[in-house]
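Number of protein chains: 2
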Amino acid sequence: MNLTKLLKPNTVAVIGASEKEGFGGDTCRNIIEYTKDLKNTYFVNPKKDSVFNYPCYKSMSEIPVDIDMIVICTPQKTVESLLIEASKKGCGGAVVFASGYSETGTEEGKKAEKSLKELCEKLDIALMGPNCAGFVNYISDVYPFAFISKKRDRKGNVGLISQSGQLCLSLMESQDMKFSYAISAGNSKVITMEDYIDFLVEDKDTKVISIYLEGIKEPKKFIKSLRKAAIKSKPIVVLKAGKSEKGKKNAASHTGSLAGSDKTFDAIFKKFGVIRVDDMEELLATSNMFSIIDRLPEKPTFASMNLSGGETGICADTGATYGVEFPDFTEDTLSKLREQLPSYASPNNPLDMTATLSYDADLYAGALRTVMNDKNIGAVIIGYTLLFEIADPAIYYMAEGIKRVIEEGNSKPILMLPFLENTRNYEYAEKLRNLGVPILPPSIYAFKILKYLADFIQYKYEDKILEIALPDENDFSSTKALSEFESKMLLKQNGIPVGEVCVVKNEIEALEAAKKIGYPLVMKIESADILHKSDVGGVRLNLNSENEVISAYHEILVNANIHKPDAKINGILMQKMMPKGLEVIIGVNNDVQFGPMILVGLGGVFVEIFKDVSLYPAPLNKKEAYKMISELKAYKMLKGYRGEKPCDVEALTDMMVKISIFANENKNKLSEIDINPLIVYPEGMGVGVADALIVLKE
Amino acid sequence: MNLTKLLKPNTVAVIGASEKEGFGGDTCRNIIEYTKDLKNTYFVNPKKDSVFNYPCYKSMSEIPVDIDMIVICTPQKTVESLLIEASKKGCGGAVVFASGYSETGTEEGKKAEKSLKELCEKLDIALMGPNCAGFVNYISDVYPFAFISKKRDRKGNVGLISQSGQLCLSLMESQDMKFSYAISAGNSKVITMEDYIDFLVEDKDTKVISIYLEGIKEPKKFIKSLRKAAIKSKPIVVLKAGKSEKGKKNAASHTGSLAGSDKTFDAIFKKFGVIRVDDMEELLATSNMFSIIDRLPEKPTFASMNLSGGETGICADTGATYGVEFPDFTEDTLSKLREQLPSYASPNNPLDMTATLSYDADLYAGALRTVMNDKNIGAVIIGYTLLFEIADPAIYYMAEGIKRVIEEGNSKPILMLPFLENTRNYEYAEKLRNLGVPILPPSIYAFKILKYLADFIQYKYEDKILEIALPDENDFSSTKALSEFESKMLLKQNGIPVGEVCVVKNEIEALEAAKKIGYPLVMKIESADILHKSDVGGVRLNLNSENEVISAYHEILVNANIHKPDAKINGILMQKMMPKGLEVIIGVNNDVQFGPMILVGLGGVFVEIFKDVSLYPAPLNKKEAYKMISELKAYKMLKGYRGEKPCDVEALTDMMVKISIFANENKNKLSEIDINPLIVYPEGMGVGVADALIVLKE
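So the protein sequences, as listed, match chains A and B. My numbering numbers the first residue of the first sequence as 92 and each following residue consecutively. My numbering numbers the first residue of the second sequence as 92 and each following residue consecutively.
Any given hint might turn out to be false.
Just so you know, same-sequence chains aren't split out, so a pair can sit in one copy or run between any two.
[Stated by the list, open to error] Straight-line C-alpha distance at most 27 Å; calculated DSS-like pairs for lysine-lysine:
(1) 269 x 311
(2) 340 x 138
(3) 727 x 624
(4) 736 x 295
(5) 671 x 736
(6) 671 x 749
(7) 340 x 542
(8) 702 x 606
(9) 213 x 659
Bear in mind the hints are in silico, worked out from the structure with no lab data behind them. Just so it is clear, the structure is predicted and the values come from calculations on it, not from any experiment.
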């Protein structure tokens, strides 16, 4: 559905216009107070001739022009007939504040919403809500927003979409945020979150997209928008609810969002370079940072310039905690700084330039220029607590010094980092903003945000397969497991090496197979009904003779019979005993929203106790596979730990890519793959699939 | 040295009083502006008759009364003679702003500081500084502070000590902090950080101690103060610099602080219940929280009450991330809430109470009362973004509701948690403060701080040995390693079981030993010169026969001879081959400041790659040992992982306690112990020392 008439209407009618408190009155008050030109806004109320001294129409039909968009401030029962009436006036967009729909959790509410959605589709009306707070288009001055907010002059380039009205309002009220659009999407059941995201990705007035998200409904559309944003390098900053169990439960009851796996969102965001933040303050400050800086740093490295030793130490420590890199200055920079700084200063990065320089704009600009010109540095962080009321004149000189350096051109991004909050002098904050210098929140937030920035500029969409293996449908309620032999054969058919393996049904076949495969051997019970083979005594390792093979054959069958008398036994699986190596798990799980997700981690306790795993959507290429394993803590073990040889990472990533291709090709029938363990040998010696399990949709 | 005359002087002389900018003028301006009663303050300047219309004396000798404390605003060269003069007037305290001492890094500066220190000791003058910004005693209205700050009315109960003047000033300028004392300690070479801490621990006007610390000089005094604070349950909140390598380097160059191991401070803080925070914002907000709440929660559990689903979700997710516990409400609470909340609300903890209740003080108080009375709850967090300019009237009703509940008495602590910063309406912040309700910083900070609170109330000094094994002197520059046999014998003599072990010097002895010990056996090269025995082929495991013993004996000697021809060989060590079990490391390292520190962790990659270790000062008791291991991520493995039996944690903690006693008794000669591995067997089956290394001071 096209959102132009909804979000960029030429003519707007406010239905239920009023002067009283409530949706009608508050919306009129907002529109009248904030809209510069009211000539294309029409107030409608059958009982009134004027609203706040503006003329009021009895009905839409009286309005002398076509209406692009209507704002429905009246109760639920009036909504559908108003939409039908509006449609006749050429209406293509509507904002519906009324509640009483699916958010009630009742059958009646759900039915009303379904009916509303169908009507809108029939009439081709892009409907925001129901149960929403409306939106503001700051660019073309449209203000159908139902909550009263005090601050003004908020036109900027952040496009905000929020599934919570309260959070939308909080951001609109904040000191620093400047918007292209602010959209409180409500139930977002007609026009969805995905539609708004796509609109803002395409919108040329929006530089940064800022989202509070509880869940998505149309993965395909969502992914398409993320892909476009990635290619445009347009930052999408997301606060996604539902990280914790309690949070997930809450999101489900708040907007009825699908409780998909939250970790899957992290994986999707990694592929598409979306920045996931951890709370509202980060959402605001990260969006703001991207909004304000004129250019992105060319390198993910920072210089930190401070006026005191204590602050310098905090930058060093907090930076290290959050992975922000302060490279050493070059010799050239150091020698220049030795000239520019007082003799008792000792130049380093982070830099304690001492307070002296902050009282002289020339000297300050000089040191800033020196640091900025260092070839190791991507951006400069100025550590300074800008107070609410200026007590110390330093900021006058510093701001002037910064201005001079920026006006010389070719400067790198400069960001200000305060050590305490609740301190920003508005005049200077605005002055710095106009210079392209954002003020970050205090240090823990600040360094997290700088890390987001560093990650963002290191993201290269060219290195990724910008698609995911979305299944055509997602009903995996009924599945069946394959046996190990069946699983391995299916992998083999798909070009994934699984080693020589066969199933024998009697002693003679077992001995023949032994001769063919060679000792030492492994024998296992072969049955789709026995997934935990060791638990039933169904595995014999390291067999070295015909006698051992014969007795293993019988023991395994007897054990299986005792522990799983009802299992259908296909025979005994035989394969070569693999030499020791590093044990890795490769898993695939077909996510209910986003299709097959690849998991990799070192086996056993590393996965189960240390939760040291990487998750990433299929399909993936070698670079993506390599990035997945390099993000493991256990990566050091793969690189050759304590004198061990480095592992065959090449073969491991090859295997991951092959599995991902297989998963992609089988996205509609595959439920799960578990290769556990995959044994990884030293460099050049490959990998071996020791055990494999595939579960298919039935 | 007694600090009374310095920090609580009855009479003060300001030397170098002036009206110009600079130490003299700024100090006079501060004193005149902020001190209510100036009758005991005397200004001294040989060139002036008055300062800002107050009389000025030509010299100290003219002052008609004795002087408790002098504030020296004049340059370095005048300081010593002024101290001598002041001493004759009964002076016992001095503040010295002048720099030019050890912070310059020059020999001259260090010499000047040494001389100053000696003079002060001779004259018994407690000197703050040099190179400091002074202090404020807000309780008895003393204001010898050299930096201009604008905000006033800061009398409260937080005692602040900072090794950075800039950071001290930032905290003094902040909106919310209210102090008993604010001390900018400067070089703190005469009166040390430890002295100030001790003063504030004893000070009845100080409820919370807030410290920016770069290092300490007198561990004994430091520990004594921490012990007192622990017993009094007086919170000490510390921002300690030097977590990172760059931060450590910076601290060393800033105040010349000793670069001891930063992790040791964490360990010390754990023993004494000190709260270590990560940046200035946390220092401020954590101190403030303790300052404002009227009582501590009785349980480390929280209820979260919010006005919207989005905010509720953020509390759930962020709380889970930072380990803040939201227990389920009781059935009774839930059924009451179902009555009190709108029908569409679904009561849970965290609670989305919906915005409706926030417009009715009675209803709000009702729901708050219900939540507060829940027996599972220790404290209540009200999630609300208090704006700078109030746009929404909700806060009126909420504050009134909170007031009513608090005034009923017996309430639990209430804390307000905003979702965005830069928002606090001063009037309401103050109103809430007076009700004992602190406003925390936004959610990431807030939940970290709530976790500090939860940890603090769970700290029980009665469960700890409140002392540490401080060596009499700390010169460990020259050490020697014992061989494995010597190490084990030393442990054995000290009551630490090491299993049967002997050293043989020929084949016959080897065979006799084998008979005595029994198979399977281990043989190792026995030499203090060969610490990495496996690396030289000096270890043979799992020997099962006389033949194997004989050949192992020769092989080991030959290998040692090849790889370490110069090593002094004591013979071959023989011991029983130990059955497999969980391999643990117990280490001891004698810290240069704080004496022997005990380290525990699971062996190999867990220690080296996952850095999963606990560090804690000796001596320790069983409870402390148990806490150490329960803080390991690998603790799950000790508790019995994947069907394995639980390990003998009892025997492991016993061993840790014994090692700690041994370390304590030998604190003056012990440099290092490395028991690696200690094999831990299933419950009731004990532990076994497989290898041990002791390094002694030479």
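A quick look at each hint next to the structure:
1. 269 x 311: neither (30 Å within a copy, 55 Å between copies)
2. 340 x 138: This pair counts as neither: shortest intra-copy Cα distance 44 Å, inter-copy 75 Å.
3. 727 x 624: between (31 Å within a copy, 24 Å between copies)
4. 736 x 295: Close neither inside one copy (52 Å) nor across copies (63 Å); limit 27 Å.
5. 671 x 736: both (13 Å within a copy, 26 Å between copies)
6. 671 x 749: within (23 Å within a copy, 38 Å between copies)
7. 340 x 542: Close across copies (23 Å), not inside one copy (30 Å); limit 27 Å.
8. 702 x 606: neither (41 Å within a copy, 47 Å between copies)
9. 213 x 659: neither (55 Å within a copy, 94 Å between copies)
Hint compliance for this structure: hints 1, 2, 4, 8 and 9 are not met, and every other hint is.
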